[in-house]
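Residue numbers (the working numbering): 171 to 422.
Treat the hints as calculated values from the structure; they're not laboratory data.
The beta-carbon is built from N, C-alpha and C at its ideal position, and this holds for glycine as well.
Treat the hints with care, as some may be off.
Said to hold, decoys possible - With beta-carbon atoms standing in for the labels, derived distance ranges:
id, residue 1, residue 2, range
1, Ala265, Leu307, 20 to 30 Å
2, Arg420, Pro239, 18 to 28 Å
3, Pro235, Asp326, 32 to 42 Å
4, Ala237, Trp380, 12 to 22 Å
5, Lys308, Arg420, 19 to 29 Å
6, Arg420, Asp368, 38 to 48 Å
7, Ala265, Asp419, 32 to 42 Å
8, Asp351, Asp403, 36 to 46 Å
9, Phe298, Arg421, 30 to 40 Å
10, Arg396, Pro235, 30 to 40 Å
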Amino acid sequence: MDSVRSPEWPAAPLGGVAANSAAARYGMSPGTGPIVGRAGPPPTAPPPYRPLSGTGSVPPPAGKPAAPPIPVKILVAGGFGVGKTTTVGAISEIAPLTTEAEMTTAGIGVDDPGARSTKTTTTVAMDFGCVTIDRSLKLYLFGTPGQTRFGFMWDDLARGALGALVVVDSARLDDCFPAIDFFERAGLPFVVGVNAFDGRLALELGEIRWALAIGDHVPLVQFDARDRLSVRDALLVVLDRALDRATRDRRA
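Take these sequences, add in the hints, and give me the full structure.
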(Lines of atoms letter the chains of each structure in order from A and count residues from 1; the text may use other names and numbers.)
(Lines give C-alpha, C1' and ligand atoms only; values in the text may rest on other atoms or scores of the structure.)
Protein backbone atom coordinates (compact mmCIF):
# COMPACT_ATOMS: atom_id res chain seq x y z
CA MET A 1 0.00 0.00 0.00
CA ASP A 2 2.96 2.34 0.52
CA SER A 3 3.42 2.72 -3.23
CA VAL A 4 -0.19 3.71 -3.95
CA ARG A 5 -0.75 7.38 -4.57
CA SER A 6 -3.76 9.28 -3.31
CA PRO A 7 -6.39 10.38 -5.85
CA GLU A 8 -4.92 13.15 -7.99
CA TRP A 9 -7.53 15.85 -7.64
CA PRO A 10 -6.52 19.29 -8.94
CA ALA A 11 -7.72 22.32 -7.05
CA ALA A 12 -10.88 23.92 -8.39
CA PRO A 13 -11.39 27.72 -8.62
CA LEU A 14 -14.20 29.25 -6.66
CA GLY A 15 -17.37 29.08 -8.68
CA GLY A 16 -15.79 26.64 -11.14
CA VAL A 17 -16.37 23.04 -12.02
CA ALA A 18 -15.64 20.63 -9.13
CA ALA A 19 -12.14 19.23 -9.43
CA ASN A 20 -13.28 15.63 -9.15
CA SER A 21 -16.03 15.96 -11.73
CA ALA A 22 -16.00 14.19 -15.07
CA ALA A 23 -15.62 17.52 -16.85
CA ALA A 24 -12.42 18.37 -14.99
CA ARG A 25 -10.90 14.87 -15.06
CA TYR A 26 -11.69 13.92 -18.65
CA GLY A 27 -11.72 17.22 -20.51
CA MET A 28 -15.47 17.45 -20.98
CA SER A 29 -17.23 20.77 -21.27
CA PRO A 30 -20.10 21.26 -18.82
CA GLY A 31 -23.43 20.53 -20.36
CA THR A 32 -22.07 18.77 -23.47
CA GLY A 33 -24.00 15.56 -22.98
CA PRO A 34 -24.60 12.58 -20.73
CA ILE A 35 -21.94 10.98 -18.58
CA VAL A 36 -19.87 8.59 -20.68
CA GLY A 37 -17.92 7.03 -17.83
CA ARG A 38 -14.23 6.39 -17.49
CA ALA A 39 -11.82 5.45 -20.24
CA GLY A 40 -12.27 1.74 -19.58
CA PRO A 41 -11.78 -1.09 -17.09
CA PRO A 42 -8.32 -2.25 -16.01
CA PRO A 43 -6.40 -3.94 -18.87
CA THR A 44 -6.04 -7.25 -16.98
CA ALA A 45 -9.33 -7.87 -15.19
CA PRO A 46 -9.69 -10.77 -12.75
CA PRO A 47 -12.32 -13.45 -13.50
CA PRO A 48 -15.97 -12.46 -12.95
CA TYR A 49 -17.08 -12.26 -9.33
CA ARG A 50 -18.81 -15.39 -8.06
CA PRO A 51 -20.06 -15.52 -4.45
CA LEU A 52 -18.56 -18.29 -2.36
CA SER A 53 -20.71 -20.72 -0.41
CA GLY A 54 -20.17 -22.54 2.85
CA THR A 55 -18.15 -19.73 4.49
CA GLY A 56 -20.11 -19.55 7.75
CA SER A 57 -18.37 -19.69 11.10
CA VAL A 58 -17.93 -22.99 12.93
CA PRO A 59 -18.79 -23.06 16.67
CA PRO A 60 -15.92 -24.01 18.99
CA PRO A 61 -15.74 -27.54 20.40
CA ALA A 62 -17.59 -28.16 23.64
CA GLY A 63 -15.60 -27.14 26.72
CA LYS A 64 -13.16 -25.00 24.75
CA PRO A 65 -13.36 -21.21 25.23
CA ALA A 66 -14.25 -19.24 22.11
CA ALA A 67 -11.42 -17.29 20.50
CA PRO A 68 -11.84 -13.52 20.23
CA PRO A 69 -13.29 -12.34 16.91
CA ILE A 70 -10.85 -11.60 14.10
CA PRO A 71 -10.64 -7.84 13.43
CA VAL A 72 -11.21 -6.87 9.79
CA LYS A 73 -10.73 -3.34 8.47
CA ILE A 74 -13.16 -2.16 5.79
CA LEU A 75 -13.19 1.24 4.08
CA VAL A 76 -16.36 3.14 3.20
CA ALA A 77 -15.35 5.52 0.42
CA GLY A 78 -16.88 7.68 -2.28
CA GLY A 79 -17.48 11.25 -3.34
CA PHE A 80 -18.72 14.17 -1.29
CA GLY A 81 -22.25 13.88 0.09
CA VAL A 82 -23.02 10.35 -1.17
CA GLY A 83 -23.87 8.88 2.26
CA LYS A 84 -20.64 7.52 3.74
CA THR A 85 -21.19 8.93 7.24
CA THR A 86 -24.81 7.73 7.17
CA THR A 87 -23.66 4.25 6.13
CA VAL A 88 -21.22 3.92 9.03
CA GLY A 89 -23.70 5.32 11.55
CA ALA A 90 -26.52 3.02 10.42
CA ILE A 91 -24.61 -0.22 11.09
CA SER A 92 -22.18 0.62 13.91
CA GLU A 93 -22.87 -1.12 17.22
CA ILE A 94 -21.08 1.69 19.06
CA ALA A 95 -21.69 5.41 18.89
CA PRO A 96 -19.80 6.19 15.66
CA LEU A 97 -16.82 8.50 15.79
CA THR A 98 -17.36 11.33 13.32
CA THR A 99 -15.33 14.40 12.44
CA GLU A 100 -18.13 16.54 11.10
CA ALA A 101 -17.62 20.29 10.70
CA GLU A 102 -20.10 22.93 9.65
CA MET A 103 -19.93 23.92 5.99
CA THR A 104 -19.23 27.60 5.43
CA THR A 105 -19.50 30.05 2.56
CA ALA A 106 -15.85 29.33 1.75
CA GLY A 107 -16.95 26.00 0.31
CA ILE A 108 -19.41 27.51 -2.18
CA GLY A 109 -18.36 26.48 -5.66
CA VAL A 110 -15.88 23.96 -4.26
CA ASP A 111 -17.94 21.46 -2.25
CA ASP A 112 -21.11 20.44 -4.09
CA PRO A 113 -23.33 18.04 -2.12
CA GLY A 114 -25.90 17.91 -4.93
CA ALA A 115 -29.19 19.67 -5.52
CA ARG A 116 -31.22 17.13 -3.52
CA SER A 117 -29.03 17.30 -0.42
CA THR A 118 -29.77 19.27 2.74
CA LYS A 119 -26.28 18.53 4.05
CA THR A 120 -24.85 21.27 6.32
CA THR A 121 -21.78 19.45 7.69
CA THR A 122 -18.83 17.68 6.14
CA THR A 123 -16.31 15.02 7.23
CA VAL A 124 -12.89 16.59 7.67
CA ALA A 125 -10.90 13.51 8.75
CA MET A 126 -12.75 10.19 8.91
CA ASP A 127 -15.71 8.26 10.30
CA PHE A 128 -15.25 5.20 12.49
CA GLY A 129 -17.59 2.47 13.64
CA CYS A 130 -17.59 -1.27 14.26
CA VAL A 131 -19.99 -4.18 14.00
CA THR A 132 -19.69 -7.82 15.06
CA ILE A 133 -20.67 -10.16 12.23
CA ASP A 134 -20.51 -13.35 14.31
CA ARG A 135 -18.41 -14.89 17.10
CA SER A 136 -15.39 -15.11 14.79
CA LEU A 137 -15.46 -11.82 12.87
CA LYS A 138 -15.67 -8.14 13.76
CA LEU A 139 -15.64 -5.33 11.21
CA TYR A 140 -13.96 -2.00 11.84
CA LEU A 141 -15.36 0.58 9.43
CA PHE A 142 -13.37 3.61 8.34
CA GLY A 143 -15.19 6.24 6.31
CA THR A 144 -12.99 8.40 4.09
CA PRO A 145 -13.48 12.13 3.55
CA GLY A 146 -15.01 12.93 0.18
CA GLN A 147 -13.60 16.36 -0.69
CA THR A 148 -10.71 16.72 -3.07
CA ARG A 149 -8.47 18.51 -0.57
CA PHE A 150 -8.49 15.50 1.78
CA GLY A 151 -7.43 12.97 -0.83
CA PHE A 152 -3.94 12.69 0.65
CA MET A 153 -5.43 10.88 3.68
CA TRP A 154 -6.66 7.91 1.70
CA ASP A 155 -3.27 6.12 1.67
CA ASP A 156 -3.13 6.04 5.48
CA LEU A 157 -6.76 5.00 5.86
CA ALA A 158 -6.32 2.18 3.32
CA ARG A 159 -3.37 0.54 5.11
CA GLY A 160 -4.39 -2.86 6.45
CA ALA A 161 -7.85 -2.80 4.85
CA LEU A 162 -9.14 -6.02 3.31
CA GLY A 163 -11.80 -4.42 1.18
CA ALA A 164 -13.85 -1.31 0.48
CA LEU A 165 -17.43 -0.26 -0.15
CA VAL A 166 -17.53 2.57 -2.70
CA VAL A 167 -20.77 4.47 -2.11
CA VAL A 168 -22.28 6.02 -5.24
CA ASP A 169 -25.07 8.52 -5.88
CA SER A 170 -26.68 7.44 -9.16
CA ALA A 171 -27.43 11.07 -10.03
CA ARG A 172 -23.76 12.12 -9.58
CA LEU A 173 -21.69 9.26 -10.94
CA ASP A 174 -18.70 11.45 -11.82
CA ASP A 175 -18.01 12.05 -8.11
CA CYS A 176 -17.06 8.38 -7.56
CA PHE A 177 -14.47 8.08 -10.36
CA PRO A 178 -11.50 9.02 -8.12
CA ALA A 179 -12.47 6.37 -5.54
CA ILE A 180 -12.77 3.62 -8.14
CA ASP A 181 -9.47 4.65 -9.75
CA PHE A 182 -7.78 4.60 -6.34
CA PHE A 183 -8.86 1.08 -5.40
CA GLU A 184 -8.07 -0.28 -8.86
CA ARG A 185 -4.52 1.07 -8.59
CA ALA A 186 -4.19 -0.24 -5.04
CA GLY A 187 -5.41 -3.69 -6.02
CA LEU A 188 -7.83 -3.66 -3.08
CA PRO A 189 -11.08 -5.66 -3.50
CA PHE A 190 -14.04 -3.30 -3.58
CA VAL A 191 -17.78 -3.32 -4.11
CA VAL A 192 -19.76 -0.48 -5.68
CA GLY A 193 -22.85 0.25 -3.58
CA VAL A 194 -25.42 2.53 -5.20
CA ASN A 195 -27.21 4.49 -2.49
CA ALA A 196 -30.93 4.70 -3.28
CA PHE A 197 -31.80 8.26 -2.29
CA ASP A 198 -35.53 8.42 -1.50
CA GLY A 199 -35.71 4.74 -2.46
CA ARG A 200 -35.09 5.43 -6.16
CA LEU A 201 -32.17 5.32 -8.59
CA ALA A 202 -31.59 7.84 -11.36
CA LEU A 203 -30.23 5.05 -13.61
CA GLU A 204 -30.54 1.29 -13.87
CA LEU A 205 -27.72 -0.82 -12.41
CA GLY A 206 -26.68 -1.99 -15.87
CA GLU A 207 -26.37 1.61 -17.06
CA ILE A 208 -24.36 2.50 -13.96
CA ARG A 209 -21.92 -0.38 -14.56
CA TRP A 210 -21.43 0.78 -18.16
CA ALA A 211 -20.91 4.42 -17.17
CA LEU A 212 -18.38 3.51 -14.46
CA ALA A 213 -16.55 1.12 -16.85
CA ILE A 214 -16.16 -1.54 -14.17
CA GLY A 215 -15.69 -5.20 -15.07
CA ASP A 216 -17.90 -8.13 -14.17
CA HIS A 217 -15.49 -9.05 -11.35
CA VAL A 218 -16.64 -5.96 -9.39
CA PRO A 219 -19.95 -6.52 -7.55
CA LEU A 220 -22.52 -3.76 -8.07
CA VAL A 221 -25.32 -3.60 -5.48
CA GLN A 222 -28.17 -1.28 -4.57
CA PHE A 223 -28.61 -0.40 -0.90
CA ASP A 224 -30.08 2.21 1.43
CA ALA A 225 -27.45 3.94 3.61
CA ARG A 226 -30.10 4.70 6.24
CA ASP A 227 -31.20 1.08 6.72
CA ARG A 228 -29.11 -1.15 8.99
CA LEU A 229 -30.03 -4.42 7.29
CA SER A 230 -29.42 -2.98 3.83
CA VAL A 231 -25.97 -1.74 4.87
CA ARG A 232 -25.26 -5.15 6.44
CA ASP A 233 -26.02 -6.92 3.17
CA ALA A 234 -23.71 -4.58 1.24
CA LEU A 235 -20.86 -5.16 3.71
CA LEU A 236 -21.32 -8.93 3.51
CA VAL A 237 -20.72 -8.67 -0.24
CA VAL A 238 -17.47 -6.78 0.52
CA LEU A 239 -16.42 -9.58 2.88
CA ASP A 240 -17.28 -12.23 0.32
CA ARG A 241 -15.28 -10.34 -2.33
CA ALA A 242 -12.26 -10.11 -0.02
CA LEU A 243 -12.53 -13.83 0.81
CA ASP A 244 -12.77 -14.67 -2.88
CA ARG A 245 -9.57 -12.69 -3.54
CA ALA A 246 -7.74 -14.34 -0.63
CA THR A 247 -8.80 -17.81 -1.80
CA ARG A 248 -7.57 -17.20 -5.35
CA ASP A 249 -4.27 -15.79 -4.08
CA ARG A 250 -3.74 -18.87 -1.88
CA ARG A 251 -4.33 -21.20 -4.82
CA ALA A 252 -1.99 -19.25 -7.13
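The hints, checked one at a time:
no. : hint                        : verdict
1   : Ala265 x Leu307: 20 to 30 Å : holds (21 Å)
2   : Arg420 x Pro239: 18 to 28 Å : holds (22 Å)
3   : Pro235 x Asp326: 32 to 42 Å : holds (35 Å)
4   : Ala237 x Trp380: 12 to 22 Å : violated (44 Å)
5   : Lys308 x Arg420: 19 to 29 Å : holds (22 Å)
6   : Arg420 x Asp368: 38 to 48 Å : holds (43 Å)
7   : Ala265 x Asp419: 32 to 42 Å : holds (36 Å)
8   : Asp351 x Asp403: 36 to 46 Å : violated (26 Å)
9   : Phe298 x Arg421: 30 to 40 Å : holds (34 Å)
10  : Arg396 x Pro235: 30 to 40 Å : holds (38 Å)
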